Structures are given as C-alpha cells and as structure tokens.
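A.B. asks: Chains A and B, in that order, give the protein sequences.
Residue 107 in the working numbering sits at position 101 of the first sequence; the count goes up by one each step and never skips.
Residue 180 in the working numbering sits at position 38 of the second sequence; the count goes up by one each step and never skips.
Source of the hints: derived by calculation from the structure; they are not laboratory data.
Fair warning: this is a prediction, and the values are worked out from it, not measured in the lab.
A few of these clues could be false.
[Stated by the list, open to error] Here are the computed lysine to aspartate or glutamate pairs in the DMTMM-like style, where the Cα-Cα straight-line distance is at most 20 Å:
no., chain 1, residue 1, chain 2, residue 2
1, A, K19, A, D39
2, B, K336, B, E356
3, A, K79, A, D39
4, A, K51, A, E107
5, B, K542, B, D497
6, A, K19, B, D153
7, B, K365, A, E62
8, A, K19, B, D361
9, B, K542, B, E384
10, B, K336, B, E384
11, A, K19, B, E341
12, A, K79, A, D10
13, A, K51, A, D10
14, A, K19, A, E103
15, A, K51, B, D167
16, A, K19, A, E35
17, B, K365, A, D11
18, A, K51, A, D39
19, B, K336, B, D361
20, A, K19, B, D164
21, B, K365, A, D10
22, A, K51, A, E35
23, B, K336, A, D10
24, B, K350, B, D331
25, A, K19, B, D167
26, B, K336, A, D11
27, A, K79, A, E103
28, A, K79, A, E62
29, B, K350, B, D260
30, B, K365, B, E341
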Amino acid sequence: MTSDDLELLYRAKLADFCRAATAIAGDAELGRDAVQDAFARAVRKRRRFRGDGPLEAWVWRIVVNAARDARRKRGVVAESVQTEAPDAPPGERLPLELLTERQREVLFLHYYADLDYATIAAALGISPGTVGATLSIARRTLRQALTQEVAR
Amino acid sequence: MTEAYLDELLDGLVPPPVVRADWADVLGRARRTRRGYAIVGAFAAALVMVPTAVALGGRIAGWFEGRPAPPAVRQDFVQFNAAMQRMSAYLAKSGFARKTPQAIAARAHGVLALRTADGPVYLWAAPRRGGGSCWLLQLGSLTNAACDQTWPSSERLTFSTFGGTLISGQFIYGQALGAAASVVVNLSDGETTKLPVVEGLFMGAFPKHVHPLEVAAYDASGKRLVAFGTLAGGTAQLSPAERRALSRVSTRGTPYPLPVGDPFVRHLIAGGYERTAVLLATRGGRNYFRLPLTNGRSAFGTGRVGLASGVGLIVGGGPARFPAVDNPLLDMSTVGATANKRTMRFLHVGGIAADGVARVVVKDREGRGLLWLPVRDNVYDSGTTRVPAGAVQLDAQDAKGRTVARVPR
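My request is simple: use the sequences and hints to build the entire structure.
C.D. replies: Here's what the structure looks like:
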C-alpha cells in the first residue's frame with residue numbers, strides 16, 4: 007500500500023469521511039480537522055497496514071479515533087452537532103444523548119458513510135453481528151423517544 | 143414514527159458537507175509530526191518542501207494543489223489569453239468563426255509538481271471564463287497552455303504530450319473529468335505509469351524514445367471509465383508497412399508562394415516559416431497546405447479559397463509529431479456551441495490525414511456514424527455537406543476499418 011492508494015481513497019471518499027467525523031466529533035471544523043489528521047497518521051503508518059483487511063476499514067478506524075480524540079479534547083458531548091445547517095425546530099431534535107458512544111458511532115458510520123456492517127465492525131473493532139444488533143437498538147431507542155415526544 | 147422520519151432527522155443533523163480536497167495539507171501534517179519542523183510559508187520554499195516523495199510508476203512527483211500561482215505564471219496565462227484572442231481574430235478573418243477560450247489568470251493556482259532530470263515541472267490551473275478550466279505546464283521558462291473544450295462527455299479524457307530538443311524526456315498532461323481518480327498510461331516500451339487526477343488534471347513523465355499506446359481513466363474503485371488508444375490492441379498489431387503508412391504524408395502538392403505583403407504572412411515568415419507553402423488539395427472551397435519551416439519541420443494549414451493571406455489556420459509544427467503512428471490525424475475542423483450552449487459540436491469537418499488513414503467517420507455521442515468522409519491527397523473535408531446535428535466525435539479509420547485515431551482524444 008502506497009501514499010497513492012491513500013490519496014485515491016481520500017479524494018474519492020472525503021465527503022463521507024468528513025460527514026461521519028463531524029457527527030462523531032460534534033463539530034464540523036473538528037470533524038474536518040480530524041480527517042486531515044487521520045490521513046496524515048495513515049500516511050506515516052502506512053507500512054503497518056498488513057493488508058489482512060480492506061484499506062478503507064483500516065483508514066476508517068484511524069478517522070474514528072481522531073474524531074473521538076477531537077471531541078474529548080473539546081469536551082463536546084455529541085448530543086448535538088454544530089454545523090452550518092439551520093437549527094432543527096423544537097420537537098424534531100434527535101435525542102442522541104440517549105445512545106451510548108458505540109451506538110452513536112455505529113449509527114453515524116452506517117448512515118453518514120453508508121458503510122456495510124463488515125467495514126463498520128473493522129473500523130470499531132467489534133463483530134459484524136454486534137454492529138447489526140447495536141444499530142437496531144440505536145434506531146429503536148430513537149424511534150421510541152421521538153414517538154413519546156410527539157405524543158406529549 | 144417512521145424510519146423515513148428518523149432518516150430525515152439524521153440527514154438534517156449533519157448535512158452532506160461541501161469540502162475541498164487538500165492532500166498537500168495531509169502530507170504537510172504527516173511530515174510536521176514526523177520531523178518536527180514547520181513548513182515555511184514562502185511560496186518558493188513551499189515548492190521545494192511540499193512535493194513529497196511519492197513514487198508514481200518509478201517517477202517522483204508531488205502536489206502543491208491550491209497554492210496561488212506566482213506573478214510570472216499569472217502573466218503566462220495573460221499571454222496565453224492574448225494569443226488566443228489573436229487566433230480568434232485570424233480565425234474570424236479566415237471565415238472560421240470560433241470563440242477561443244480565456245483563462246482567469248488572477249485565480250491561477252498550483253495543481254501538480256513533478257521532479258525530473260530536467261528540473262521541476264509544474265502544472266498550474268486557472269478557471270476558464272464561462273466555465274471549465276485552463277492549465278499550463280511549466281518547465282523553467284518553457285510553458286504550454288490549453289483549455290477545457292467543454293466536450294459533452296461526462297467522462298472526458300484529453301491529453302497532450304510535451305517535449306523538445308532542450309528536454310531529455312517527455313511529459314504527458316491532460317484532463318480527466320467525471321469520476322476519474324487516476325489515469326494509467328501504457329507506454330510503447332512496455333512500462334505502465336499510474337497518475338493521480340487532481341482537480342480533473344494529471345501529469346506524468348516518460349523517456350523520449352517511447353510514446354503512449356493507451357491512456358485510460360479509472361475511478362476510485364478501479365473501474366475503467368474511458369480510454370484512448372491508437373488501436374484496441376496497441377500499435378504493435380500493425381505491420382511495419384501499416385506503421386509507416388500512418389507516419390507519412392506523401393502527397394507532393396504544388397508550390398504556393400505566400401503573399402508576403404500580407405501582415406499575417408509577414409508575421410509567419412518572421413516566426414520561421416518558409417515563403418513558399420505546398421498546396422496539398424482544395425476541398426469544399428478550402429485550400430489545405432503543408433507549411434515548411436526554416437528549421438526543417440513542417441506545419442499544416444488551411445484557408446478559404448481567395449483569402450488574402452492564403453492560409454488562415456495553422457496546426458502542428460511543434461514538438462508533438464505529425465504524422466506519427468500514434469498521431470495520424472491533424473484535425474482543423476470548426477466547432478461551435480449547440481443551441482443550448484452546453485455542448486460543442488462539429489460545424490465543419492476537415493483536416494490532414496496520414497497515408498494510412500482511408501476515411502474519417504463523423505459520429506454522434508453514442509458512437510453512431512453520421513457522415514463518412516474519404517481521405518484523398520491526405521485531405522478530408524465535409525465541403526458543402528451539412529454536418530449533422532449531434533456530431534461530436536471523429537474516428538480516423540484505416541483501409542481495414544480499424545479506428546487508428548479519435549478526435550477529441
């Protein structure tokens with residue numbers, strides 16, 4: 007694996023990396039910065055990539071770690087995400103604080119990066135079965151919370 | 143509560159970002175952490191430091207994407223614009239109404255840098271007025287500029303080669319749009335070079351004694367998008383006689399003294415052209431010429447019959463060899479915008495072809511043949527025949543019906 011392969015992946019999937027990293031870091035600037043840092047780390051450590059799995063999953067793992075680090079340094083809780091999008095009206099906010107960190111990350115990687123279970127599993131260091139179960143629980147939790155919100 | 147509603151909320155939480163790739167920043171961060179020094183802000187220093195050693199098919203290249211171009215390069219784009227405007231004026235006088243491209247020089251910026259035995263080679267880009275882009279290859283004081291022709295294909299691939307007596311190697315550079323992430327060049331010496339696509343542009347180097355057999359664009363997943371080759375199986379399948387036939391223009395023509403009193407002709411003579419051209423053929427009210435240069439090379443040209451200067455449009459004469467087995471067609475067609483101004487089409491088709499080209503087929507976007515033009519005396523011309531709407535491509539075919547060249551590449 008060379009820097010060329012990393013650059014091709016970077017250029018092809020940059021928007022996906024930034025979107026998911028923004029969700030995990032809780033801030034668009036932090037997310038973008040985390041992606042740049044993560045790819046810099048990948049360039050430095052590329053010889054450690056053993057090729058026993060997809061390159062993309064290996065890079066996603068680095069990106070997720072960088073986004074987590076960014077969020078922790080800032081002390082931001084990923085219950086809201088600061089982006090340039092208009093604020094959601096009351097009653098339509100996603101209660102992400104009800105989810106665990108792992109549930110949020112699985113949800114973000116599945117939804118924002120459109121990753122399959124195997125890649126998510128490799129990126130987060132869990133089994134594909136756990137990804138499916140975690141995703142299901144996360145969605146059910148959010149659905150129930152939003153249904154109760156509407157009912158009130 | 144539906145799944146769709148949940149998806150909608152997730153979508154609104156983090157909208158798809160509009161992000162600009164900055165690989166130079168990634169490489170800079172990688173180096174800073176490893177070596178613990180800061181990148182010098184000065185542009186000259188950045189050019190030296192930023193191009194990171196990345197092997198590309200045995201060649202060393204780097205990126206300096208997005209860095210503002212220095213004044214000298216912006217001035218090169220300004221001079222290119224002026225040359226284009228002069229060409230536009232000549233074309234108009236010659237009856238070839240064609241709007242030439244203009245680069246927005248103030249927004250010129252770096253795209254790629256390549257280290258070669260001849261020194262660093264830089265590829266600069268600038269937006270094209272009205273959309274698209276222009277680019278400029280720079281090796282020391284030598285520059286070569288071109289612009290996007292806004293051809294209709296969404297997966298377009300165009301390229302040029304650049305060399306010369308002062309350069310020990312050759313360069314290939316061009317544009318690969320659509321989803322193209324890399325370009326693979328198969329060379330006549332059996333080597334293959336993979337080049338990254340940055341801002342839709344690519345650049346690479348190869349030895350002087352070889353030439354590209356095929357240039358193909360691939361997306362990030364490795365899917366082959368579009369390719370241009372001299373022949374599907376490469377020119378190796380041609381017999382020596384067929385190769386020779388694609389490498390010569392044997393029509394002797396008749397001497398045609400140029401009107402030396404004409405300002406354009408005086409300009410040509412001052413630029414190294416002989417006073418006497420060779421009239422190859424007259425087709426559809428146009429004369430086609432070979433224009434000998436005092437340095438022994440030849441350019442080719444055309445002009446409407448009766449034009450005061452004789453010749454109005456000149457093509458070739460530069461380092462790109464014509465005729466050659468990988469370059470057997472010198473097209474001088476007139477193109478124009480369609481009614482909706484979004485795509486280009488051929489309005490008139492004409493040019494010079496090597497001996498080995500039997501016909502030129504005018505095709506539409508789907509590759510359907512619209513018009514078949516025989517090559518006689520090394521000239522093809524649509525004459526008074528109306529070029530059908532939707533004509534966007536020319537295929538040069540040999541006597542066996544094999545496509546040996548394509549326009550646009």
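A.B. asks: Check whether the Cα positions of B/K365 and B/E341 lie no farther apart than 20 Å.
C.D. replies: Holds: B/K365 and B/E341 sit about 19 Å apart, inside 20 Å.
A.B. asks: Given the hint that A/K19 pairs with A/E35, test it: the Cα-Cα distance must not exceed 20 Å.
C.D. replies: 17 Å, holds
A.B. asks: Is A/K79 close enough to A/E62, meaning Cα to Cα at most 20 Å?
C.D. replies: 26 Å, violated
A.B. asks: Straight-line Cα separation of A/K51 and A/E35 no greater than 20 Å?
C.D. replies: Violated. A/K51 to A/E35 sits at ~24 Å, over the 20 Å cutoff.
A.B. asks: Taking only the CA atoms, is the gap from A/K79 to A/D39 under or equal to 20 Å?
C.D. replies: Cα-Cα ~13 Å, so holds.
A.B. asks: Do the alpha carbons of A/K19 and A/E103 lie within 20 Å of each other, as the hint requires?
C.D. replies: Between A/K19 and A/E103 the Cα gap is close to 28 Å, so the pair fails against 20 Å, i.e. violated.
A.B. asks: Against the 20 Å threshold, does the CA-CA distance of B/K365 and A/D10 hold or violate the hint?
C.D. replies: Roughly 16 Å separates the two Cα atoms, so the pair holds.
A.B. asks: Is B/K350 within 20 Å of B/D260, Cα to Cα?
C.D. replies: 12 Å, holds
A.B. asks: When you check the alpha-carbon spacing of A/K51 and B/D167, does it fall within 20 Å?
C.D. replies: 17 Å, holds
A.B. asks: Given the hint that A/K51 pairs with A/D39, does the C-alpha gap stay at or below 20 Å?
C.D. replies: 18 Å, holds
A.B. asks: CA of B/K542 to CA of B/D497, is that 20 Å or under?
C.D. replies: 13 Å, holds
A.B. asks: Are the Cα positions of B/K542 and B/E384 separated by 20 Å at most?
C.D. replies: 11 Å, holds
Checked against the numbered hints given earlier, this structure breaks hints 4, 10, 12, 14, 22, 28; the rest are met.
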